[in-house]
Amino acid sequence: MSSTVLVAPPLSRGGGMRRLVVVTLTAVLGIVLGLAAATPAQAASGYTITGVVTGRDASGALVPLDDVYLYAQPVDWQDDRDHYGTADASGRFTIDVTKPGDYTLYANCHTGTACADTYAAQYYDQSPGWGDAKTIVVSTTSPTATANVRLPRFATVKGRVTSTSGAAIPGIRVESVPTSGGSVVGTTTDATGAYTLTKVVPGEVSITARDADWNMHAWDAEYWDGTSVSTPDYPSPDPVLPEGPTVTTANFELAPTTGFYGEAVDAAGAPIQGVRWVTYTHNAETGQWETPQYGPLMTDENGRFFWRTDVGGRYKLCFVDDHYGPEAPNRETRYASRCWDNAATSDTATILTQPTSPAQRTLRVVLPVAGKSLTASEPWVDGASRVGSTLTAHANAWGPSGVQLTYQWGWYDTTNRWAFVPVAGATGTTFVPTSDLAGKPVAVRVTGSLSGYVTTTMSSIGYEVGKGVALTSPLQISGSAVVGQTLTANHGTPVGGTAIDYDGYEWRADGAYAGQQKTLTLTNDMVGKKISVRYYVRTVTGNDDTTYVASAGPVTAQLGTLTAPTPTITGTAKAGSVLTAVPGAWGPAPVTLTYQWKRAGVAITGATASTYTLTGSDTGKTITVTVTGTKSGYATAAKTSAATAAVAAGMLTAPTPTISGTRTVGYTLTAVPGTWGPAPVTLAYQWFRSGVAITGATASTYALTSTDMGKTLTVRVTGSKTGYTSAAKTSAATTTVLGALTAPTPTISGTRTVGYTLTAVPGTWGPAPVTLAYQWFRYGAAITGATASTYRLTSTDMGKTMTVRVTGSKSGYMSVAKTSGATATVLGALTAPTPTVSGTVKAGYRLTATPGTWGPSPVTLTYQWKRAGVAITGATASSYVLTGSDTGKAITVTVTGTKTGYMTVARTSAATAAVAAGTLTTATPTISGTRTVGSRLTAVPGTWGPAPVTLRYQWYRSGVAISGATASTYVLTTTDRTRTMTVRVTGSKTGYTSVTKTSAATATIT
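Straight run, no breaks: the sequence shown in the numbering used here ends on number 1035.
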């Protein structure tokens, strides 16, 4: 089942938007329309508009259009009738307009059709907007009017936006607006400054390029003039855009915007929003400073505004914080007037001459505080503005309380920029215009003043004397001033029966706008406010606007009256019982109810629910409840119930107490009283030993002493509460109290390694004798059968911790169990053989340690060689080379095995025999040097070992030792001539046998 949505035409008639209905047709109605489209039906009333809808195809030929709907609308804007029709396959339509009259005809394509993508909406005849629509006359003599409609084919517009220097400007808004009204089409330029407008309505158009945001002030707007260039001024007339083709010459050249930002700030530099600003522009031709003829012009939330300027132009700027009324800023503070640059008046203000560069600047003005802000309203004038007729001023709402109002009547001088000219002595709330004021717009100014506040003046609208409209009866307000009721503005008609051109109403509640109809329905937010109405009227004979203010007003809106029954109370008047308030039926529903319970007429703090639980404080007193009803727009009402009987004493809820705690000397017992009620209940305690009260034992706990041993204990709890009967309850007796053993915490001794035995050390228990029992634990779990005072560790215990629990027992005493602290983790036992030493036990030879097989593998082994039982520094390898220091001493090696989770073990080998002296490695020395007297000979000993070896020298002359020649060199003397030379080298080292070697003899010395 399909449906068609018809979109109302965008028309404006009589200055206001006419209400149009969006019609949804169901499939059934669609069938009916389909039949009508196939063969246009004869209208039932006989008054019709008929015609054919056409449009140009791509070749320019006219073709009928069938996806089109039409509205026929009366020209009279007060006639709300709308008549619908649709075109058939041949483009033909017939609309029944039901009666004769003047009509406009609107045609548009159905949404989502090819027609809607190709053709623009139109008013008959060839107008995109209602303003230029041609009137179609349907009359009794011509009941059928023919109106053929041609929908224009959309155009496409392309172009480029650049700066005056030729640079592309992206992000510029380009819009096409039909001159006579219709659809607006817009887009923004791309990075190259290019744009394309599609579905543009042809005909007279205004195509504009401007900043994309109205708050931007980067570029001046330009307008297309129908050529390939643009103009900064509106073209007159607007260019005509042909239908169908693409226009590619709509280019724009934008100039940077020149101007200034005005900025109002306080002494701290904070922006001031809502301050009126005035710019003064110098007119070079007249020499006058001109101001804008519109307003009010107010600073934004940043305290700023922007004003466009011309290069070379001269300007002044002032801020005046004098705007009041509904649009005024909601500020407590008002500021004094100041001009740029911090001048008090416009006459002394600094003149800004706009330079070429910079194009823009900010003019900041600091405004000093002038005082607090009054609440002010526009005054209303009541009466016809005629010579001899009384006018009455209504000041409306001013505040705060205590503000003093004064009045000044006068007139606006239209020849002097509407300057207000006061009438001498006219300072009352009423004023009678005199003949000299004829033709002048009379107004009243109301000035409010209050200490600490800025004095404020508000002006009424001016009414030209002699053109006021007199009414046959005055304006009055009728109706009941109660929330939900409707007030009506009643008044007569213009005297003489002159027709009304237009009239209207304005209602206010405490000066704030409330409505603009003839009637006003009072709402909750108007409660307590004054209501007034102003009636505007103008006649067709040229009378000026005239206003009347209701002479009966302003009135006060009253609250409605609630239906408020007297509440009743249900429940038993006894302490601890619950009373319930039965409010009855309040109305009109819903009504919000609140409650307050009272004791002997006095409000009970916190008792504000619909129920109340009686307490001991209520005993002997009567109870009432007050129910208060509230509802927006109604007067609050309160009703109090009849009093109950005097409240009787209550019965406490008294459970039997119990005793908790260990029944052993030295321990504390606690009385558990249970839940007594109603809470709070005061409880007292008394402890008993085998039925006899224990002196001083009156707390909720009791510490057992040796006197209690062998006895039973009870406790009696007594509850009391104001307004309730006291009650006492005694607990059941405990079993016999036991003595307390002295029970130290045991310790564990022994090696914590598998295969070793641990021993429990219980400490001294008493009084002796105490029977002790043991239980060993592995990692907190009891070890089956391990109940002796000792325990041999097994492989199962490896990696675990061990504890022992010792339990002491003795007749008449409470058995006590104490558990030792846990051992460190139990270690495994390594297989550790005794190492052996192999090798020659002689200085210079290497001994090697053979550790044997350690397990479980792998085991990390370290070595330490020892000389006569003393560790040899650095000898920590598995082998060791004997040194001279070892000679005569025995050598051992200690091997230490380590492994995670196992106990470290060290094993030392048997000692070797005493280390024998070593044999040096020797060489036969040689002699180098020149064999002539005066030359130096050098002994070359060769390599001796093991190093280091101490060498000593002795030189010989032909076999005879030369006295003192014991160095490694020798200088030949004349005594040596004709002789031969030899040298003997003797090597010695601790722990080694000394050796002597002699060189071969030299040749004869020359």
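A hint or two may mislead.
Taking lysine-lysine and the DSS-like style, the derived pairs with C-alpha atoms no more than 25 Å apart in a straight line are [as the list claims (entries may be wrong)]:
| id | residue 1 | residue 2 |
| --- | --- | --- |
| 1 | 829 | 871 |
| 2 | 871 | 839 |
| 3 | 187 | 163 |
| 4 | 627 | 668 |
| 5 | 668 | 829 |
| 6 | 918 | 895 |
| 7 | 928 | 871 |
| 8 | 740 | 758 |
| 9 | 547 | 496 |
| 10 | 603 | 559 |
| 11 | 547 | 559 |
| 12 | 829 | 847 |
| 13 | 847 | 871 |
The hints are simulated quantities; they were obtained by calculation from the structure and are not laboratory data. Keep in mind it's a predicted model, so treat the numbers as computed, not measured.
Checking each numbered hint in turn, tell me which of them this model violates, lowest number first.
1, 2, 3, 5, 7, 10 and 13
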